[in-house]
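Colleague: Given the sequences, and given the hints that come with them, work out the whole structure.
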Amino acid sequence: MSARRAPQQHIKIAEHLRNKILSGEIPAGSLLPSEAELCEEFDTSRGPVRQALASLRTEGVISSGRGRRSVVLPHEKTETFETFISNHDWIESNGWEPSSKTLWMARCPAPAEVAKMLTINEEDPVVYLHRVRYANGSPIAIERSYFTLPVGKHVLYMDPDQGSLHAKLRDVGIGLDHGRREMFGQAVSEEEAQLLDIEPGALAMMSKLLLSDHNGTPIEYTEMLHIFEGLTITYNYIAGTPSPLNLSMRHSQRFTS
1 MSARRAPQQH IKIAEHLRNK ILSGEIPAGS LLPSEAELCE EFDTSRGPVR
51 QALASLRTEG VISSGRGRRS VVLPHEKTET FETFISNHDW IESNGWEPSS
101 KTLWMARCPA PAEVAKMLTI NEEDPVVYLH RVRYANGSPI AIERSYFTLP
151 VGKHVLYMDP DQGSLHAKLR DVGIGLDHGR REMFGQAVSE EEAQLLDIEP
201 GALAMMSKLL LSDHNGTPIE YTEMLHIFEG LTITYNYIAG TPSPLNLSMR
251 HSQRFTS
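Numbered as in full-length UniProt numbering, the sequence shown ends at 257 without a single skipped number.
No wet-lab data here; the hints were simulated from the structure.
Yeah, the Cβ is synthetic: ideal placement off N, Cα and C, and Gly gets one too.
A couple of the hints might just be wrong.
[Claimed, not checked] Distance condition first, Cα-Cα at most 16 Å in a straight line; then the derived EDC-like pairs of lysine to aspartate or glutamate:
id, residue 1, residue 2
1, K208, E223
2, K153, D171
3, K101, D161
4, K101, E82
5, K168, E40
[As the list claims (entries may be wrong)] Taking CB as the label site, the calculated pair distances span:
id, residue 1, residue 2, range
6, A202, N94, 18 to 24 Å
7, L156, R50, 40 to 46 Å
8, I11, P150, 33 to 39 Å
9, G47, T102, 40 to 46 Å
Modeller: Here it is in structure tokens:
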């Protein structure tokens, strides 16, 4: 594995501005510093600055256009890449105490669907991790994670119930660069209901997450079953920018032949 890469300049600039906006230091309606001022502040060229501003615009945090200064918009808190890929970080970002209980961790043959997602052969060895995730001691999700063997061999030597597993992977030089998540409603089984402390047959949110490294190679496929109670999904969108969100009803029995 390659050494851990330092964050690119545009990522650091975007994170710096995002933190100031979310903390209220730069309130809604305020103008951001000009491109020239940001270039001077971060000792960089216009390219990274424009990339950072484009990221914030896509997130719905600012409005910007050719020939005018960027304006901070009223907004809801948005997910970072870390909270997108990590239940531990997501729970922590909400001000709760994250914890987990590992039910099973072992090397095993890849099931057909997992092999397809990870672009490996069926029955190729993977590392399987089955956990219950807790917030302030209450169960909120069941995770079933599959790691390709080059990554999974590191996971086998880690304690998945202590801290963020993805942070530990970054520390050994395994970087994640891209994630794709599919979410839909699913009734829980009796076993799942017992683990989540809800009624059997209750509706939960199934989230299928595929994570890839800097080369675009899939290295982790995770199925997360979240309780629906209190769950709210908020989305910020700016006209003229591509949306990362796609809504469909292809899992509905009403539209299956």
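Colleague: If any of the earlier hints don't hold here, list their numbers in rising order.
Modeller: As far as the earlier hints go, 4, 5 and 8 are violated by this structure, in ascending order.
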